[in-house]
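All chains should be modelled from the sequences, with the hints used to inform the complete structure.
There are 2 protein chains.
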Amino acid sequence: MRSPKPFLLALGLAVVLPAAAQKSDYPIQAVPFTRVKLTDSFWLPRLKTNTDVTIPASFARCESTNRVKNFEMAAARQGKFATTFPFDDTDIYKTIEGASYSLSVYPDAKLDAYVDELIKKVGAAQEPDGYLYTARTIDPAHPHSWAGKERWEKERELSHELYNAGHLYEAAVAHYEATGKKTLLNIALKNADLVCAVFGPGKRSVAPGHEIVEMGLVKLYRVTGQPKYLTTAKFFLDARGQYKGYDPKSPDGWKNGQYWQDDKPVVAQTEAEGHAVRAEYLYSAMADVAALTGDKQLLAAVDTIWNNMVAKKMYVTGGTGAVGSGERFGANYELPNATAYNETCASVADVFWNERMFQLHGDSKYVDVLEKVLYNGLISGVGLDGKSFFYSNAMQIKSLDSYSYHDTEPARAGWFECSCCPTNLARLMPALPGYVYAQKGRSLYANLFVSGKASLTVNKQQVQLTQANNYPWDGGLKFTVDPSASAADFDLLVRIPGWARNEAMPSGLYTFEQPSAQRASIKVNGKIVDYQLKNGYAVLSRKWHRHDVVEVSLPMEVRRVHANPLVKDDLGKVALQRGPVMYCAEWQDNNGKASNIIVPAGTAFTASYQPGLLNGIETLTATVPVVQLDASGTSVSTAPRTLTAIPYYAWANRGKGEMTVWFPEKLTNLDLLSQPPAAAATAAK
Amino acid sequence: MRSPKPFLLALGLAVVLPAAAQKSDYPIQAVPFTRVKLTDSFWLPRLKTNTDVTIPASFARCESTNRVKNFEMAAARQGKFATTFPFDDTDIYKTIEGASYSLSVYPDAKLDAYVDELIKKVGAAQEPDGYLYTARTIDPAHPHSWAGKERWEKERELSHELYNAGHLYEAAVAHYEATGKKTLLNIALKNADLVCAVFGPGKRSVAPGHEIVEMGLVKLYRVTGQPKYLTTAKFFLDARGQYKGYDPKSPDGWKNGQYWQDDKPVVAQTEAEGHAVRAEYLYSAMADVAALTGDKQLLAAVDTIWNNMVAKKMYVTGGTGAVGSGERFGANYELPNATAYNETCASVADVFWNERMFQLHGDSKYVDVLEKVLYNGLISGVGLDGKSFFYSNAMQIKSLDSYSYHDTEPARAGWFECSCCPTNLARLMPALPGYVYAQKGRSLYANLFVSGKASLTVNKQQVQLTQANNYPWDGGLKFTVDPSASAADFDLLVRIPGWARNEAMPSGLYTFEQPSAQRASIKVNGKIVDYQLKNGYAVLSRKWHRHDVVEVSLPMEVRRVHANPLVKDDLGKVALQRGPVMYCAEWQDNNGKASNIIVPAGTAFTASYQPGLLNGIETLTATVPVVQLDASGTSVSTAPRTLTAIPYYAWANRGKGEMTVWFPEKLTNLDLLSQPPAAAATAAK
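Residue numbers (the numbering used here), protein chains in the order written: chain H, -14 to 670; chain U, -14 to 670.
A portion of the hints provided could be inaccurate.
Note that the list lumps identical chains together, so a pair holds whenever it fits in one copy or between two copies.
[Claimed, not checked] Distance condition first, Cα-Cα at most 20 Å in a straight line; then the derived DMTMM-like pairs of lysine to aspartate or glutamate:
hint	residue 1	residue 2
1	K651	D386
2	K166	E102
3	K641	D656
4	K372	E394
5	K425	D474
Worth flagging that the hints you see were computed from the coordinates, not collected in a lab.
If you're wondering where the values come from, they're calculated on a predicted model, not measured in any experiment.
Have a look at this one:
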């Protein structure tokens, strides 16, 4: 990473970082992605696939689907908007963002040049006053129907002008941080200046229809120090809950202000509600603004909403947004399996939000949630091939014979008409190194267990910290500390994950059936040390010398997980977890079915690493009763069979079929009348 | 029955039956209920229970729930409407109607006097110009909210003023025909004169919100011969499909004009649609007006609608109106089992409608449908005790553990806030004798196989026709013909039911798995006769002598019924029928469960009469595979067990539990993930 300072000077802007801005920010700061070089056998291949496959495929699709052409036409001020949604511009921004992170890990002159060319096209599409929105600029007299006749006119519900702006800002900051180039940032700032000129007290007001401009403005504020970006971000937060025009009699009951988190002022909101991605972008921005302004009301509100979400609205895989209609949070404990929506973008947003909550509070519970999302409901969104994606992430695929259009989709697709999820993954994956460590004063937080080398300054001392492990398959973690000087005095805070402390979720929404027989143990230089847990971290406070080695051993039993009994769909069912990884049974490993498996209490599991399976996974096997039908269809029996469970994230890489995360532990009521009608799907055609 | 003539004279009205009215009516006329005295062991006890229990209970409830008080307050023009619905007046009219039929079968001076008193109260509540609607008359300045500020103002959707009128007319005609008294008829005519004065071409127009006034006006026309009643009935039919004010964006998509059969002119309607009871009252009136006016368009429309209903929208029990929300017909083939609505009133209406269709066309298929309704989905609406009722009639009760509020109710209730169904049963049951025979010229139709004695005139000859049978349990029918003279020349048309001719439904919506090995056979005076089938009737054309005996033998095998495969819920399933009676399995006879029974192809059934069970029923038994769980809940097996099936109408007389009409024949896809969550109902509390 190049320091932003030269750039600020180079920009020639009269930028002075105000004292307030310098003082008040997240008390804990992440060690930036540019400082952490991965060697991890789990993540590095994924980042490489993202670089080699996902990003090029994403750019290629932006070209082939006319997303790039939209910018070219906007530059020429002629043509006809060539894609479906006015927010299709953001796929380009998001892929540039991903490519920027990637360039910092894997320098690539050709990609760098391609991105430069794209940025030129983006700049050419920008109107003289900074407005950038191809759906209108191409032909302002005949804009896209969602765009309205006038600028910003439909921003509340349909136009997504500020959503496009937000993604532009995010991409611009990433591109600048990764490459030091100001090309995209200049475009973003020009646009942001227009936004700040148009919106504000006494000027135009709106609660942005799809949040993200708030987070984006905060990033511009951090880079430039210009207070107006922060002020405008806060203005957009405060704008929520003011509009009174929603139709309470809307045919879609949920499609009132709640859908847009616009039914109450943000400080009065208490539940994770409405469209999940929008919501979690909003909550991320609330955390940002609370950190930067010290607004205690905002902080209290975002804490309350987080507690609601993790205690009542999150799947055991970390997925959020249970309801497909409206892509939204359901009611408390409404977590249906067959119809789980779980948008991949919501998992991305959840990573953003939980990272910010951690930076606010320094509690590992936020990282526990982040890790759950990361190893399960997030990476399930992309196939092992790096170019097939889930928009929604299933919890259960019943027999395809009884598949209903409400049920979650059983197979990944290459791209979507609304292709937010692939490009969101493309930008998140290469940013992963930035989530591994964080620091505050003399504390260095080791949050994620990802092998690699970090070069950082802690307590004013240069230190290199090396992680080597085989996580998430092994519980043995090794940290090697190498101060530049002969010694360095700081606290290493190693996260002891909630799951290793017998907490399946910080909230109690999910619980382990039994406590583990083991406790996480820590050795320093080969000697067991006693450690104090503080906010979920083992605090190792000492003067570190070169090659000091910390070894952590996390208990890796297979854990039986139960849901809060108010989650109706999971009653009497068990899920399987090992380390941070949630498991599922997929048809391929289980004689073609997964919906016939019972996992009784006391089932003994064997975990074993299968290097040849699904790019290398730890499988769980056990002998369990499986319900079988004979050929006549009139005789049912249970027989012992081997259940093979695979990591949830790895499902749907071998064709379409049954899958389940939750298994019945015992049957209390086998009801043939509740069975799907025989061959209904076929007959309905 | 007393002839209407003296009454017409007594009324002092200048009534002349117009030539047109005398000529044009149903080509086939029912032999009136007053001419048929039942001895039937199946029906007579039911009529007696209706007289001894249902009608007194209904009157008692009309008193205790303030329905009578509403009339008293209206008479005094003071008070506050004391019940929930403005149409609660009709419960009194309908019970008077039932009591009237009953009085003609079982004369009862006390009941007669009570009815006279009630009629006085009804008369006192009538306004001087004939208006009769207690919800407004009690306090015209503050009428019930559904009634609107002005008379008739909310008739289209809410007030039910004309619905009350229609039931008044029906009751008045029944009371007059049964007792010869004109008291209630005079009230009805005074009201009808007002209705005819208010509504008509160039005057006020409305499509009555809940049909029945049309049928009622036709009855007044028949009794009085006054054309205006028929004209106004037709005017109301023609008023449908004219109003353009329904909100096509209504939150309830169905709650546009279609719900009220008001989306198209009746002659353009092709499907049974909207609220089922309203619809079938409308179709009955369409048949009436088509018969009386010879309107061919109307006739074509009602034929088309009937074909739609019996081919696509009727349960195998004869129930109609599949969808609870709106108490309405679903889409074609939308016949869900767990949530079947099947309002008892819709079965009553269906009897009315099919009787009229038969009278129009002389085809037995209408009586086949009527009989299916009568022996199954209609009498299931009343418990054996005569005082517990189903508003909706289930096709399936799953395990009560997994009971959902959408599912059909599993137990009868004593009365309902909207108590249309009990009073509709109270008026239909004692009218049954009127459905047994019909005649046209020299043809005497024997439609229902109900033991009893009919005294009638056919082809100008006095004849007594006696039926003696043990129907529906036995297929042996005996008819004894006794002309008053030494001989009588006429055709006896004995209905050979569709089910005895291998047609489970006239429409093919349901089919038998195999044709019967037998054909219905007929003997006259002990000798087998050959017979021709004409419109479903065996035509026995001869000169009949005293004590001539016709014996009919109907094949009574247990039949396996399959639904059209487009009925998704019945795919792969079988229903059981014997004679006209549909069977079900109820928990009480099957070790506490019905949802675990498989009825494979080729299952051999034994039918046997059980005099001590459920007031005497024929049960079906067979050895079938039943799915069982062991105590651990982890072992499932199929074991041979005795299935005992009982007549569908007799279920829910022994407590709440599982029941099913349709059984899986074989399982193709046992999917534990589709099972209801264990003890969901309990946990959800």
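Inset, instruction - Would you pick out the hints that fail for this structure and give their numbers low to high? - result: Those not satisfied: there are none.
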